[in-house]
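Peer 1: When you get a sec, could you build the whole thing from the sequences and use the hints?
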Amino acid sequence: MEWEIVIGLEVHVQLATKSKIFSGSSTTFGSKPNTQASALDLGMPGTLPTPNEEAFRQAIMFGLAINADIEKCSIFERKNYFYPDLPKGYQTTQLEKPIVRSGNIVIELSDGTRKSIRIHHAHLEEDAGKSLHEEFQEMTGIDFNRAGTPLIEIVSEPDLSSAEEATLFAKKLYGIVTSLGICDGEMAQGSMRFDVNVSIRKPGGTLGTRTETKNLNSFRFMEDAIDIEVQRQIDLIEDGKKVVQETRLFNGETKKSKSLRSKEEANDYRYFPCPDLLPVIIEDEYIEEIRRTLPELPEAKLKRFKEQYSLSNYDANILSSDQLLGQYFEVVAKKSGDAKIAANWILGELLARLNSTGLTITLCPIKSEDLAEMICRILDNTISGKMAKEVFDGMWKGDGNADSIISSRGLKQVSDSSVIESLVIHIIKINPNQVDDYLKAEEAKRSKMLGYFVGQVMKASKGQANPKQVNKILRGQLNKLINNIEL
Amino acid sequence: MGSKDIHEKTIAEIIFALNAREFSSLEITQHFLNRIKTLNSVYNCFITICEESALKQAKIADQKRMTGEFSDFCGVPIAHKDIFCTKDLRTTCGSKMLDNFIPPYDATVVEKFSFEGAVVLGKTNMDEFAMGSSNETSYFGAVKNPWDIKTVPGGSSGGSAAAIAAQITPGATGTDTGGSIRQPAALCGISGLKPTYGRVSRWGMIAFASSLDQAGPMAKTAEDCALMLKIMAGYDAKDSTSANIITPDYTEKISRSINGLKIGVPKEYFQDGLNFETEKSVLDALSQLEKQGAILVPISLPHSHLAVPAYYVIAPAEASSNLSRFDGVRYGHRCENPKDLNDMYTRSRAEGFGDEVKRRILVGTYCLSAGYYDAYYRKAQQARRLIKQDFVSAFNEVDVIIGPTCPNPAFEFGAKKNDPVEMYLEDIFTIATNLAGLPGMSIPCGLVDKKPVGIQIIGNYFREALILNVAHQYQTITDWHQNYPKDEKIESIRKMRLE
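Residue numbers (this note's numbering), protein chains in the order written: chain V, 124 to 610; chain R, 80 to 578.
Keep in mind the hints are simulated off the structure, nothing from the lab. No residue lacks a Cβ here, since even glycine has one placed at the ideal position from N, Cα and C. There could be a bad hint or two in this list.
Claimed, not checked - Calculated cross-link-like contacts (lysine-lysine; reagent style DSS-like; alpha-carbon spacing at most 27 Å): (1) R/Lys-166 to V/Lys-155; (2) V/Lys-220 to R/Lys-317; (3) V/Lys-220 to R/Lys-458; (4) R/Lys-458 to V/Lys-202; (5) R/Lys-166 to V/Lys-220; (6) R/Lys-317 to V/Lys-141; (7) V/Lys-195 to R/Lys-467; (8) V/Lys-202 to R/Lys-437; (9) R/Lys-418 to V/Lys-381; (10) R/Lys-418 to V/Lys-253; (11) V/Lys-195 to R/Lys-317; (12) V/Lys-195 to R/Lys-458; (13) R/Lys-467 to V/Lys-253; (14) R/Lys-317 to V/Lys-202; (15) V/Lys-294 to V/Lys-238.
As the list claims (entries may be wrong) - The calculated label-pair distances, taken between Cβ atoms and stated as ranges, are: (16) V/Glu-376 to R/Arg-457: 45 to 51 Å; (17) V/Thr-151 to R/Arg-335: 54 to 60 Å; (18) R/Glu-415 to V/Thr-263: 35 to 41 Å; (19) R/Arg-457 to V/Thr-416: 38 to 44 Å; (20) V/Thr-151 to R/Arg-457: 40 to 46 Å; (21) V/Asp-192 to R/Asp-419: 18 to 24 Å; (22) V/Pro-402 to R/Thr-555: 53 to 59 Å; (23) R/Asp-419 to V/Gln-368: 24 to 30 Å; (24) V/Thr-263 to R/Asp-566: 51 to 57 Å; (25) V/Val-367 to R/Glu-415: 35 to 41 Å.
Peer 2: In structure tokens, the structure reads:
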């Protein structure tokens with residue numbers, strides 16, 4: 124039977140503010156546990172929250188970027204529940220009057236069609252601390268460094284109809300928040316986390332019961348979690364069973380999910396307006412000021428990359444969807460003077476290495492200037508494409524920049540035609556049988572056979588001869604033999 | 080003035096004596112500490128007595144007064160209600176939950192008094208988490224009313240009020256969520272002011288109901304309250320609900336004539352339930368003010384009857400959330416050998432909180448629950464707006480509103496302990512001002528059965544200066560504020576214990 128998949132996303136994005144949403148503590152990731160937790164972050168009695176204006180500014184930037192309405196009088200609510208990493212026994216969040224309402228994000232499907240995904244709202248809230256289970260035997264440690272880090276929770280309408288669409292949407296969102304500079308994009312550190320609401324129905328039928336799978340912190344995990352959940356629901360229904368409304372947890376390593384709690388077990392969060400915080404009034408002027416200073420968004424960048432650098436839609440799309448990758452590309456393109464080659468290296472070798480090592484572009488061991496320099500050496504014929512791979516490898520391992528690797532490994536390409544010519548003549552002379560075959564062969568097959576001689580010449584030059592020149596000179600010399608000209 | 084004993088002096092008189100070098104701060108501080116040492120065992124006003132640090136602070140104050148620049152308050156001893164966090168000094172909020180809690184920070188109010196050089200004698204007893212009107216809910220035992228130790232001092236700032244009445248401190252800080260400064264002030268025959276919501280920073284003050292809580296001064300006279308409020312008031316960036324407006328000099332215009340002042344007398348404050356003798360004292364006070372040229376204007380606050388029910392939804396709702404942080408995880412009471420997380424939560428809270436606190440957490444949790452929110456919390460907020468509107472309309476006609484602070488003088492211990500609603504009605508006249516966020520003050524206006532009763536002066540938003548002016552004028556023509564009970568003899572306590 125055919126099933127229609129209905130997906131809505133809730134995305135938690137950690138904002139890139141220097142200090143927390145309601146206290147002055149730093150938000151830097153990776154500090155010693157509880158060194159970035161003030162009395163407020165620890166929920167000490169008598170402490171009071173003071174809102175961080177920067178968090179509002181960044182949330183408004185996001186709202187403007189997705190053509191949303193900005194709430195002029197937004198309020199904070201308390202979401203009450205007990206958990207050890209929740210220091211006050213409630214999370215300060217927004218419910219009735221979130222800062223951002225009714226926006227949309229356009230995604231481009233693989234067949235080129237564009238689909239608009241509606242954003243119901245985005246609200247500001249504080250992150251919780253972190254429970255540490257590993258270092259303590261039969262006990263749990265708690266690190267409150269993360270407690271109070273500002274988040275925006277972006278809630279989509281259930282407009283997505285496949286795991287692929289959900290991933291495209293998530294990546295687009297990633298591009299927007301990183302381009303705006305409101306999120307560092309470090310997904311492995313939890314800077315962006317997804318909750319997926321999934322249900323299935325017969326095409327055109329009423330909506331099915333949905334489940335929520337929480338806390339997915341990579342695009343891959345999210346895609347896998349959706350695929351698995353869709354299949355689980357199909358299996359249940361086709362076996363005559365029912366989908367239960369519940370919250371599920373997905374294990375990215377085992378690719379299995381399990382029920383966390385059913386609807387009946389869900390908390391009654393007892394939301395009510397936070398009496399410690401006054402309504403936040405946002406003036407039109409303030410919004411317009413932010414609108415004027417909004418940085419270039421992925422959509423505009425895509426268009427510019429295609430026009431300015433003559434990139435294909437595919438290449439431009441990838442390079443424009445990640446702010447830092449786009450920035451990296453533009454440095455390489457400008458410094459090397461060849462955008463096409465720059466794009467090829469970044470989208471090919473560089474991304475492959477980053478993906479296989481799980482690194483993000485910020486942690487890339489090759490600086491954009493160094494990659495540009497390497498490309499310059501290809502363009503000025505100092506090195507061949509093959510040598511460039513070796514240079515790239517050296518740079519990745521931290522052996523130095525392009526020029527120093529070229530000189531230390533003696534990778535200079537030989538482009539002196541007289542040197543190459545004498546090598547070519549030498550190879551022709553010591554391979555009389557192959558030359559004979561070549562001469563007897565039909566023209567159409569000759570170019571294939573040429574490869575053997577090119578290989579021999581390259582080998583004799585210890586790989587340093589310019590392959591283009593080798594090709595050209597070889598052809599010339601062999602043509603002379605065809606025409607019975609003495610070498 | 081010189082004929083008075085040190086402990087009989089007002090803060091203004093102590094400042095005068097210090098400025099005249101009649102006494103040193105050390106002498107004054109030692110005098111009060113001696114009285115505390117003898118009398119606290121009778122009245123139980125203090126949870127923590129800070130002898131060592133108080134003497135140290137007094138010496139520093141004396142040095143400052145000898146050498147450098149100093150403010151008037153330098154060397155004046157006061158006490159803080161144990162709801163204000165004090166750095167490196169135990170802060171219990173009257174609860175077993177915080178019996179072991181030592182904050183690493185000072186409340187803004189505490190910091191401001193320290194900055195002025197005030198000497199802190201100790202932390203005063205209070206109803207647990209400020210929930211109570213009799214001081215009987217304190218984990219550290221009830222405070223006794225110095226006028227009659229068989230009766231309650233009122234609450235929740237009962238320790239502060241009784242300590243002033245017993246003259247073991249000249250002034251103390253208090254907090255008022257539904258009457259917690261004014262009601263004990265009335266029952267102990269002292270002066271106490273709850274400022275406009277937002278006038279005094281709430282930072283470092285342990286929250287009961289955040290939208291109602293407000294700190295204020297308690298002392299012998301309106302003038303002393305003015306001196307204290309001058310220090311306490313002011314915008315604090317650490318409390319985003321504090322008001323960013325100028326703090327006037329509250330003593331400057333305190334002696335202005337009240338000729339022509341329009342006093343609103345709400346008919347709803349003189350109805351059934353008001354003790355006849357109390358009513359007489361209040362009406363007497365009003366006619367005294369009339370003699371000073373004030374004009375009495377009968378008014379109506381038609382939604383007054385909604386105040387108590389609305390309060391007992393809103394305050395517990397906020398409290399249920401505010402008190403969630405006391406979970407045994409990071410500080411405060413934790414039960415022995417918890418089996419698991421849930422066991423730790425439930426037993427720590429069951430053991431750490433007293434009955435009244437639990438009752439209010441239950442009520443508040445219920446009011447905010449899914450399906451009940453609209454019927455209770457939202458309705459209560461609507462009632463709150465109506466109550467506020469009553470006052471806004473009234474203040475278009477009058478300058479201040481005056482009525483009784485409480486319906487009755489101090490009642491005996493146990494009289495209302497088992498009937499929460501009866502106890503809640505103690506605050507029937509004080510609660511509305513908290514809901515509206517208005518300033519209100521109680522000053523003594525008579526004795527009923529040898530026990531003090533008070534009038535409440537309610538002013539418009541941020542008009543504390545006018546309230547203090549009216550109170551001070553009243554106190555210049557009357558002497559109720561100069562009446563103090565005799566020191567209770569230790570023998571009588573022994574006798575009471577034997578009984």
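Peer 1: Verify the proposed pairing of V/Lys-195 with R/Lys-317, using a straight-line Cα cut of 27 Å.
Peer 2: The given pair, whose Cα atoms are some 24 Å apart, holds under the 27 Å limit.
Peer 1: Quick one, are R/Lys-467 and V/Lys-253 close enough, alpha carbons at most 27 Å?
Peer 2: violated, 43 Å
Peer 1: Using the Cβ atoms, figure out if V/Glu-376 sits within 45 to 51 Å of R/Arg-457.
Peer 2: At roughly 46 Å between Cβ atoms, R/Arg-457 and V/Glu-376 fall inside 45 to 51 Å, so the hint holds.
Peer 1: Return holds or violated for the Cβ distance of V/Val-367 and R/Glu-415 against the range 35 to 41 Å.
Peer 2: Since the Cβ atoms of V/Val-367 and R/Glu-415 sit about 39 Å apart, the hinted range of 35 to 41 Å holds.
Peer 1: So if I understand the rule, the pair passes when the alpha-carbon distance is 27 Å or less; does R/Lys-166 with V/Lys-220 pass?
Peer 2: Since the Cα atoms of R/Lys-166 and V/Lys-220 sit roughly 38 Å apart, the hinted pair is violated (cutoff 27 Å).
Peer 1: Can you confirm whether the C-alpha distance between R/Lys-166 and V/Lys-155 stays at or below 27 Å?
Peer 2: holds, 25 Å
Peer 1: So the hint says 38 to 44 Å: do the beta-carbon atoms of R/Arg-457 and V/Thr-416 match that?
Peer 2: Between R/Arg-457 and V/Thr-416, where Cβ atoms are some 40 Å apart, the hint holds.
Peer 1: Can you confirm whether the C-alpha distance between R/Lys-418 and V/Lys-253 stays at or below 27 Å?
Peer 2: Satisfied, since the Cα-Cα distance of roughly 22 Å is no more than 27 Å.
Peer 1: I want to verify a distance hint. Is the separation of the beta carbons of V/Pro-402 and R/Thr-555 within 53 to 59 Å?
Peer 2: Once the Cβ atoms are compared, 43 Å apart, the range 53 to 59 Å for R/Thr-555 and V/Pro-402 is violated.
Peer 1: Hint check: V/Lys-202 vs R/Lys-437, CA-CA at most 27 Å. Holds or violated?
Peer 2: Since the Cα atoms of V/Lys-202 and R/Lys-437 sit roughly 20 Å apart, the hinted pair holds (cutoff 27 Å).
Peer 1: For the pair supplied as a hint, V/Lys-195 and R/Lys-467, is the alpha-carbon distance within the 27 Å limit?
Peer 2: holds, 25 Å
Peer 1: Under the criterion that the straight-line Cα-Cα distance not exceed 27 Å, is the pair V/Lys-195, R/Lys-458 satisfied?
Peer 2: holds, 25 Å
Violated hints, listed in ascending order, are 5, 13, 18, 21 and 22; each of the other numbered hints is respected by the structure.
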